[in-house]
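J.: FYI, in the working numbering the residues of the sequence shown are 426 to 621.
Hints in this document: simulated from the structure, not taken from any laboratory. Misleading hints may appear alongside valid ones.
Claimed, not checked - Keeping only pairs whose Cα atoms sit at most 25 angstroms apart, straight-line, the calculated SDA-like set for lysine to any residue is:
id: 1; residue 1: Lys438; residue 2: Met581
id: 2; residue 1: Lys573; residue 2: Leu542
id: 3; residue 1: Lys562; residue 2: Met581
id: 4; residue 1: Lys573; residue 2: Ser600
id: 5; residue 1: Lys443; residue 2: Gly472
id: 6; residue 1: Lys573; residue 2: Gln557
id: 7; residue 1: Lys445; residue 2: Lys469
id: 8; residue 1: Lys438; residue 2: Met468
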Amino acid sequence: RKSQVAMQNHAAKMAKIKPKIEKLQEKYGADRQKIAAEQMKLMKQEGVSMVPLGGCLPMFLQIPVFFGLFSAIRFDIDLRHASFLWCNDLSMPDTVIRLAEPFAMKCCIPIPAIQGLNVLPLLMIAAMFLHQLGMPKSPDPQMASQQKMMMFMPLMFGVMMYGYAAGLSLYWLSSSLFGIFEQRVIKKLFPITTAT
Numbered sequence: 426r427k428s429q430v431a432m433q434n435h436a437a438k439m440a441k442i443k444p445k446i447e448k449l450q451e452k453y454g455a456d457r458q459k460i461a462a463e464q465m466k467l468m469k470q471e472g473v474s475m476v477p478l479g480g481c482l483p484m485f486l487q488i489p490v491f492f493g494l495f496s497a498i499r500f501d502i503d504l505r506h507a508s509f510l511w512c513n514d515l516s517m518p519d520t521v522i523r524l525a526e527p528f529a530m531k532c533c534i535p536i537p538a539i540q541g542l543n544v545l546p547l548l549m550i551a552a553m554f555l556h557q558l559g560m561p562k563s564p565d566p567q568m569a570s571q572q573k574m575m576m577f578m579p580l581m582f583g584v585m586m587y588g589y590a591a592g593l594s595l596y597w598l599s600s601s602l603f604g605i606f607e608q609r610v611i612k613k614l615f616p617i618t619t620a621t
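Generate the whole structure from the sequences, applying the supplied hints.
T.: Shown next as structure tokens:
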């Protein structure tokens with residue numbers, strides 16, 4: 426995917442100019458405006474984009490696809506009673522062990538009661554988390570803090586998908602596993618080297 430390659434190239438360019446950015450931070454100290462202005466000038470000179478839209482735009486384009494899949498899987502007749510491995514029905518949660526008494530959490534947001542152990546959403550959380558860990562780290566403190574916040578996304582999606590159709594969790598799991606494989610290939614083809 427072009428977005429993964431663009432993100433890897435951006436991370437490589439940022440790693441290359443990181444020592445120069447650190448020198449600017451030492452030189453201008455607490456004057457954040459001067460640091461930002463000089464950093465923008467440096468990035469322009471080095472040909473580094475401030476915001477690599479190639480990395481963000483495809484993620485935003487996936488949102489309508491996600492909602493389309495969400496609706497399609499909910500109402501698709503063909504998925505009813507369609508099985509895959511241990512899932513007897515991809516239009517229902519993949520409950521492996523049913524709880525004797527449903528577990529409900531009382532919270533400010535409505536979370537449905539947990540009826541049993543659903544494996545696919547848990548595997549999806551793990552795969553999405555590993556995918557997030559493989560993303561190139563940004564030397565920019567603001568971007569790094571955003572990346573740390575994004576680490577909670579797998580958990581949020583897992584809570585959303587826990588009681589939903591196994592077909593969507595299966596799609597998200599396979600997409601994350603493919604993304605992990607893709608990251609490894611891209612990192613081998615476009616390694617990030619730091620300047621000394």
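J.: For each hint, tell me whether it holds in the structure or not.
T.: Tested hints:
1. Lys438 with Met581: violated, 32 angstroms
2. Lys573 with Leu542: violated, 28 angstroms
3. Lys562 with Met581: holds, 22 angstroms
4. Lys573 with Ser600: holds, 21 angstroms
5. Lys443 with Gly472: holds, 14 angstroms
6. Lys573 with Gln557: Answer holds: Lys573 to Gln557 is near 9 angstroms, not above 25 angstroms.
7. Lys445 with Lys469: holds, 13 angstroms
8. Lys438 with Met468: holds, 9 angstroms
Violated hints, in rising order: 1, 2; the structure is consistent with all others.
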